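K.L.:
Sequence:
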Amino acid sequence: MEGPDRATNPQGSVAPAVAPAGRTETRPLAPVSQRGVASVTQPVWKQLPALSGTAVDAGAVDPDRELVDRWQSGDAAAFEALVRRHQRRVYGLLLRMLGNVQEAEDVAQETFLNLHRHGHRFRSQSRFSTFLYRVAVNAALNRRRSLGRRRARREALERRQQAGEDLPSSPRCPEAAAVGGQIQARVQAAIAVLPPHLRVPLVLFDIEGLSYAEVAAVLRVAEGTVKSRIHRARQALRERLRGAVESAEDGAGDDAR
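Plus 55 on top of the position in the sequence shown (first one is 1) and you've got my numbering.
Don't read these hints as lab results, they were simulated from the structure.
Hints are supplied without guarantee of correctness; some may be wrong.
Here are the simulated distance ranges between beta carbons [to be verified]:
id: 1; residue 1: Asp-130; residue 2: Asn-197; range: 26 to 34 Å
id: 2; residue 1: Pro-250; residue 2: Gly-129; range: 37 to 45 Å
id: 3; residue 1: Ser-266; residue 2: Arg-125; range: 26 to 34 Å
id: 4; residue 1: Ala-277; residue 2: Gly-147; range: 21 to 29 Å
id: 5; residue 1: Arg-120; residue 2: Pro-250; range: 29 to 37 Å
id: 6; residue 1: Gln-290; residue 2: Ala-240; range: 30 to 38 Å
Nothing here was measured: the structure is a model prediction, and the numbers come from that model.
All C-beta atoms in this analysis are idealised placements derived from N, C-alpha and C, irrespective of residue type, glycine included.
Sequences and hints are given; from them, build the entire structure.
P.N.:
The following block contains the structure:
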């Protein structure tokens with residue numbers, strides 16, 4: 056799918072953007088049908104604050120501008136076209152953030168339905184793809200927090216059930232599951248365990264191909280902060296991958312003996 060300075064919280068979630076100067080109102084979103092958005096069972100999401108994306112340079116053309124204008128005027132087919140244009144990249148971003156196919160599919164669906172309901176808050180003097188990435192990143196971070204709470208409850212229950220029993224000598228983890236597998240699987244596992252404030256900019260820049268400025272716009276932080284986080288993420292990734300390779304080599308040596 057295709058595709059400022061305020062700090063995020065420690066988890067990397069995005070604070071509401073400030074509407075750009077020079078525009079005081081937006082056109083209301085005309086009623087449109089649900090065509091183009093798969094039916095969902097998730098609850099209705101919180102209302103998004105008015106958001107803007109990367110400011111479009113004078114003379115630059117946002118490739119989505121015409122479709123967005125048509126959609127905000129009530130053209131359901133234009134929204135379907137936007138979904139088709141961006142769904143692959145949004146799904147890829149979410150898969151790398153969440154590390155789970157089903158969760159990525161659910162959050163991608165949530166992202167586009169959220170966009171459908173609150174797209175009138177998008178301001179057309181900004182780049183649509185940046186706005187969409189911000190919606191997707193926030194949805195993924197919210198899902199990870201929810202999954203973390205559920206995982207903590209499940210683990211607490213398991214500990215109570217296993218009281219008095221010996222615990223496994225080495226808990227399961229993404230790195231251990233990836234050892235001996237394909238390089239891509241090891242990389243994905245290593246990315247998945249990075250903290251969100253490092254993982255998100257790394258995925259947006261190194262995998263999705265956004266520029267430093269675009270990543271800064273999505274995360275609402277300074278470019279220098281983006282560069283620093285990407286550097287730290289790469290260092291952490293190298294360490295994790297080096298450990299996985301060494302573990303695999305040690306295991307192969309043990310088998311040979």
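K.L.:
Taking the hints in turn, state whether each one holds.
P.N.:
Against the structure, the hints:
1. For Asp-130 and Asn-197, the hinted distance range of 26 to 34 Å is satisfied, since their beta carbons lie about 30 Å from each other.
2. At roughly 42 Å, the beta carbons of Pro-250 and Gly-129 sit within the given window of 37 to 45 Å.
3. A beta carbon spacing of about 27 Å between Ser-266 and Arg-125 agrees with the range 26 to 34 Å that was offered as a hint.
4. Under the hint 21 to 29 Å, the C-beta atoms of Ala-277 and Gly-147, about 26 Å apart, fit the expected range.
5. Remark: the range hint 29 to 37 Å for Arg-120 to Pro-250 is upheld by a beta-carbon distance near 35 Å.
6. Distance hint check: the CB atoms of Gln-290 and Ala-240 are about 21 Å apart, inconsistent with the given range 30 to 38 Å.
In this structure, only the earlier hint numbered 6 is contradicted, and the remaining ones agree with it.
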